[in-house]
Amino acid sequence: MAAKCRTARSKWLVGVVAILLAPFLQAQSPQDDVVMRAMKDELARSMSQLRLLQMDKPYFIAYRVQDVAVQEITATLGSLTSRTGSPTHNRIVEVELRVGDYGLDNTNFFSERSFGGAAMFGGIGEGSLDNNYSQIRRELWLATDRKYKQALEDLSAKRAALKGRSGGENIPDFSKEPPNTGANVIPEDVLPHLDELEATARDLSAVFRSAPEIYRSEVRIRYSDVYSRYLNSEGTTFTRSQPLIMLEVRAETQAPDGQPIADSFAVYGRDAAALPSTDALLARVRQMSALIVKLRSSASLDRYNGPVLFEGAAAAEIFLQQFGSRLATSRSPISDNPQFEMMFSQMFERMGGASFQDKIGARVLPSFMSVRDNPSQTLFNGLALLGTSSVDDDGIKTRETVLIDHGILKNLLAARVPVSGILQSTGSRRGWGPLPSNLFVTSGKTLSSDELKQELLRRAKERGLDYALIVRRAGAGSGASIMEMARQIASRQSGSPSIPEIYKLYFDGHEEPLRGVRMSDIPVESFKEIVATGDAPALYSDELMPRVSSMLFMGFSFSSGSGLPVVSCVAPSLLFEELSLARSEGPFPPTPVSPSPLAAK
Amino acid sequence: MSVPTKIWLGLCLLAASPALFAQHAPSDSVVAAMRQELDRSMQDLRRTPAPPYFLSYEITDNRAINVTAAFGTLISTTDETTRVLDLDLRVGDYKLDSSHPFRQDTFSEPMQERLESPQIPLNDDPLALRVALWQSTEQHYRHAVERLQQVQANVQVKVAQEDQSPDFSAEPAHVYSEPIADFALDKPAWQQKLRGATKPFADHKEILEANAQLDAEVETRRYVNSEGSEIRMSTPFYRLIIWATAKADDGMELPLYHTYMSFRPDGLPNDAALSADVNKMIVMLLALIKAPVADPYTGPAILSGRASGVFFHEIFGHRIEGQRQKNEDDAQTFKRKVNQPVLPNFLSVYSDPTLRQLRHTELLGYYAFDDEGVPSRRVTVVQNGVLQNFLMSRTPITGFDRSNGHGRHQQGYAVAARQSNLIVESSKSVSRDELKRMLIEQVKAANKPYGLFFDDIEGGFTFTERIIPNAFNVRPTVVYRVYPDGREELVRGVDLIGTPLTSFSKIVATDDHEEVFNGVCGADSGWVPVSASAPGMLISQIEVQRKEKSQERAPLLPPPPASAGNN
Chain E
0 MAAKCRTARS KWLVGVVAIL LAPFLQAQSP QDDVVMRAMK DELARSMSQL
50 RLLQMDKPYF IAYRVQDVAV QEITATLGSL TSRTGSPTHN RIVEVELRVG
100 DYGLDNTNFF SERSFGGAAM FGGIGEGSLD NNYSQIRREL WLATDRKYKQ
150 ALEDLSAKRA ALKGRSGGEN IPDFSKEPPN TGANVIPEDV LPHLDELEAT
200 ARDLSAVFRS APEIYRSEVR IRYSDVYSRY LNSEGTTFTR SQPLIMLEVR
250 AETQAPDGQP IADSFAVYGR DAAALPSTDA LLARVRQMSA LIVKLRSSAS
300 LDRYNGPVLF EGAAAAEIFL QQFGSRLATS RSPISDNPQF EMMFSQMFER
350 MGGASFQDKI GARVLPSFMS VRDNPSQTLF NGLALLGTSS VDDDGIKTRE
400 TVLIDHGILK NLLAARVPVS GILQSTGSRR GWGPLPSNLF VTSGKTLSSD
450 ELKQELLRRA KERGLDYALI VRRAGAGSGA SIMEMARQIA SRQSGSPSIP
500 EIYKLYFDGH EEPLRGVRMS DIPVESFKEI VATGDAPALY SDELMPRVSS
550 MLFMGFSFSS GSGLPVVSCV APSLLFEELS LARSEGPFPP TPVSPSPLAA
600 K
Chain R
0 MSVPTKIWLG LCLLAASPAL FAQHAPSDSV VAAMRQELDR SMQDLRRTPA
50 PPYFLSYEIT DNRAINVTAA FGTLISTTDE TTRVLDLDLR VGDYKLDSSH
100 PFRQDTFSEP MQERLESPQI PLNDDPLALR VALWQSTEQH YRHAVERLQQ
150 VQANVQVKVA QEDQSPDFSA EPAHVYSEPI ADFALDKPAW QQKLRGATKP
200 FADHKEILEA NAQLDAEVET RRYVNSEGSE IRMSTPFYRL IIWATAKADD
250 GMELPLYHTY MSFRPDGLPN DAALSADVNK MIVMLLALIK APVADPYTGP
300 AILSGRASGV FFHEIFGHRI EGQRQKNEDD AQTFKRKVNQ PVLPNFLSVY
350 SDPTLRQLRH TELLGYYAFD DEGVPSRRVT VVQNGVLQNF LMSRTPITGF
400 DRSNGHGRHQ QGYAVAARQS NLIVESSKSV SRDELKRMLI EQVKAANKPY
450 GLFFDDIEGG FTFTERIIPN AFNVRPTVVY RVYPDGREEL VRGVDLIGTP
500 LTSFSKIVAT DDHEEVFNGV CGADSGWVPV SASAPGMLIS QIEVQRKEKS
550 QERAPLLPPP PASAGNN
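Keeping their order, the protein sequence lines are chains E and R. All letters in the first sequence, in the order written, are residues 0 to 600 by numbering that gives the first Met the number 0. All letters in the second sequence, in the order written, are residues 0 to 566 by numbering that gives the first Met the number 0.
Please keep in mind that the hints were generated in silico from the structure rather than gathered at the bench. Take these hints with a grain of salt, some might be off.
[Unchecked claim] Far from chain R, by Cβ distances over 12 Å, these chain E residues were calculated:
#1 Glu111
#2 Gly163
#3 Pro178
#4 Ala254
#5 Thr377
#6 Lys409
#7 Ser419
#8 Asp449
#9 Phe506
#10 Glu576
[As the list claims (entries may be wrong)] In silico DSS-like links for lysine-lysine, alpha-carbon gap of 30 Å or less:
#11 Lys246(R) x Lys56(E)
#12 Lys204(R) x Lys39(E)
#13 Lys204(R) x Lys148(E)
#14 Lys289(R) x Lys148(E)
#15 Lys409(E) x Lys527(E)
#16 Lys246(R) x Lys39(E)
#17 Lys409(E) x Lys444(E)
#18 Lys396(E) x Lys175(E)
#19 Lys546(R) x Lys148(E)
Small disclaimer: the values here were computed from a predicted structure and weren't measured. Think of the CB as a built atom: it goes at the ideal place given N, C-alpha and C, for glycine as much as any other residue.
Using the sequences and the hints given, assemble the complete structure.
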């Protein structure tokens, strides 16, 4: 296909321009929107007429049309490395279709035969940007047809596979939910000024021109706006506009002994104004640059077992990494090949950690700590929370959910795929599966910042240690860590990334930064041994990936449109009674033969 | 044959030592930064225990606009500007270096070979550019040193290699600079044009897919190497593809393609011409879904000029690419055939990247220098049926120790010998009518009910499959049965199969109607623009099989109505 040769080529290409004056961004009330009308008409026709011979009719169809505008800017050393004139516009048309009934349908199943085949993605396609009634219906018609045929095949294969089995809990495949004619948002043209963003990217990246010790650096700004239209056969419908801007700064170098040193930070907002000011960002980049340079000549440590304080946003960061996806339900799919099925369950477990499903009623945090998910709060201390929405991606009204109450796990976040004990959605579908929106970690046992440090040192002394450890940034989040893993494999680097900001705190109160310290995967159990928390909660936001297994329930039909969902987490500083840390092991790559051209200027 | 314009040759400077060119270097700040960093790297790396003997940088600037429409509506418009670095650093020497292929099947090898490409600044800030070049040089150097050690071990452990030629050829340095090409495209006009072009397809429910895609780009390549070459080339490229698919009642999918390519935006068809072609496509698609399904058949056939061009590109062209004669995993069809007849004696084959056009048709395989800094030149591959030469990059093979300017790649891929403009000439041509008459004669002599005429082939952008060494499969889209009484009948579902050497020996005659096929060819070193020109050919025996058929039913519901309110 023609498209093939372009894709091959655009592998490296980032960012794009579209000249369109975004037809879908023009004010238009959602009701008389041509696209919505086409969706409504084709859905009605499909529900009433789509049927192959005497086979099952669809019992549920959902259409989702997403208008996605994306713009990406990258810069290094004061120069842009990709150029876009205006955002890329795409329209993604998706069909979710279920045959059978709520108790047993075609989902929650993968067939060895069709796995990985084109049919698996038959319900998703790129649609026309023009608001052309007949073309939109044509696209929905063909995608629904493909999806229906695939669903029939899957359902009969699933019934056959189930025949040979007995026992097990009989959990429905899909939850019944009341229809919701939810939020209707008229999108506004909120695209930020390209010139300003480019200037920001250039200015921030230019900071590293004066740091020849830093080998690579990059500033990336990604702006996206997703306008979703959703309609299902149960009568639920919504439209929603979700802009998001992310600014990320990365830098990497090596210590004289070759040990890689890398650091990055990302900030998110709903619009450019929600980001920190350029001056504040410049200060942060300068600080990051100075710390990396300092780390090159810093010491590492061999091994440490003792109390560790996660201070400020590092606490929210580590909590989100370890708890974020565990707080969502996860159902193991069945397959016509049991070996395949087992292999996949294990793989899914490894990616994102085991769900807390069998821990409901168990203690997972100390009794003075509680956690809730709140999708309706928009701000924390004047800072934007990124998980806020009045409806989830199934069109269900979102609501606050108490997840952990005084240390005891009470509930998990669910989409419409029931699991044992959690049969209804909590309004938490984000992308292809359930995820937290805004997590709030609260504590009944708080200490001031100074008191926390004193407590940390006291506990270190008890163990006969010469110093204690403070983590101020834990490193790439769990969403990013999957990307990081892929990057490492691609660039043949080994070892897990080091903690970017960790300090030794001595009894006289002075601190020393450490490099090359690795956290050997914090066991979730160690969170039970948190002994105290701070009194000033901080916010951390990061992309989080829904469980891969969830895709099988949603029939592989959901495109994330513009990246992974962003989850916000608010938590106080956390003092762990004991954690194990060790130095990253080599062998390290050799250091450069020539100095950076920046050094010789 | 038209005389190629070789003005560029006058600009080409052969120099013996790098010192010579400083004064002639083009005033291009990017080239200057590349030269500065390359010299510094070579100087610093020379002090290491395993210094590189060769280093080249190629920076490719690409501005690409893409407009896609379907059924009268716009699907997307993109406009991208990118800059990509390709770096070749070799440790060892010309005879045996770090690029030497391993003789074992390792899974991991291709994965390891691909080094992460750094982000290259788009503006011409020399310092930022040099930092990117430095990072990449250091990375490639480490990789090359490691790899050379593995190569040396591999050479010791394995049996002696059949082809003992060196890994790299020494070539003279060149300095050459083209002006940066102009690039202008009226995006709104093209969006409107493609909407208009694809709209008529929407009137036919049998047509399930109908797209038009415009790719317009200008590519500027800057190449600098440690032998002293400094080259800048800049070429615009415009391509329009229309493709549509109809589904027959039995589920068979019938695609049809129409491709236009040019170095100029006005080289693409105007609205009237486009509309006429679209209408022809619709008529053909509607005829195809009603056409009878072809039966397996062995017998005489005519390939149109376009079909012959694709046929030669696929079946002959890929087998004369130099490095394939060296790779011991390759079939090496022609390796021992030099100076022997490989085609009927009335056929000659050239590869000529110096040609911009053939008569009045532009040839997309034109370039002044290849991607290893070697000037392009016309290569006579086959003279009167006898194999003379291969297409050579700087990877020598036994008996051919120098490049002939055919080292090509897509940015991001390692260079390999590739085709450019493939031209098949015949000294035994007859008129079209005469060729058809000859076909009918053969049909009668072989006592066949009919012969076949292959009018069009799905090609150009479907050369995706890796070449299967000893067989080929070319996908015809428009095929007719030709009956002894001269009647022609359209058929569908034909796949052309066979083995190359036997097919070539069965070419009986050609017509005088030479046609050009411009396309983009994908192989080991990525996608490169090429052309293939050939006359129509009569082949005494070809073999066709039934095309693999889609098992998907046609859509269950009829197409939705075009306006709201009547479901």
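Need the list of violated hint numbers for this structure, in ascending order. none
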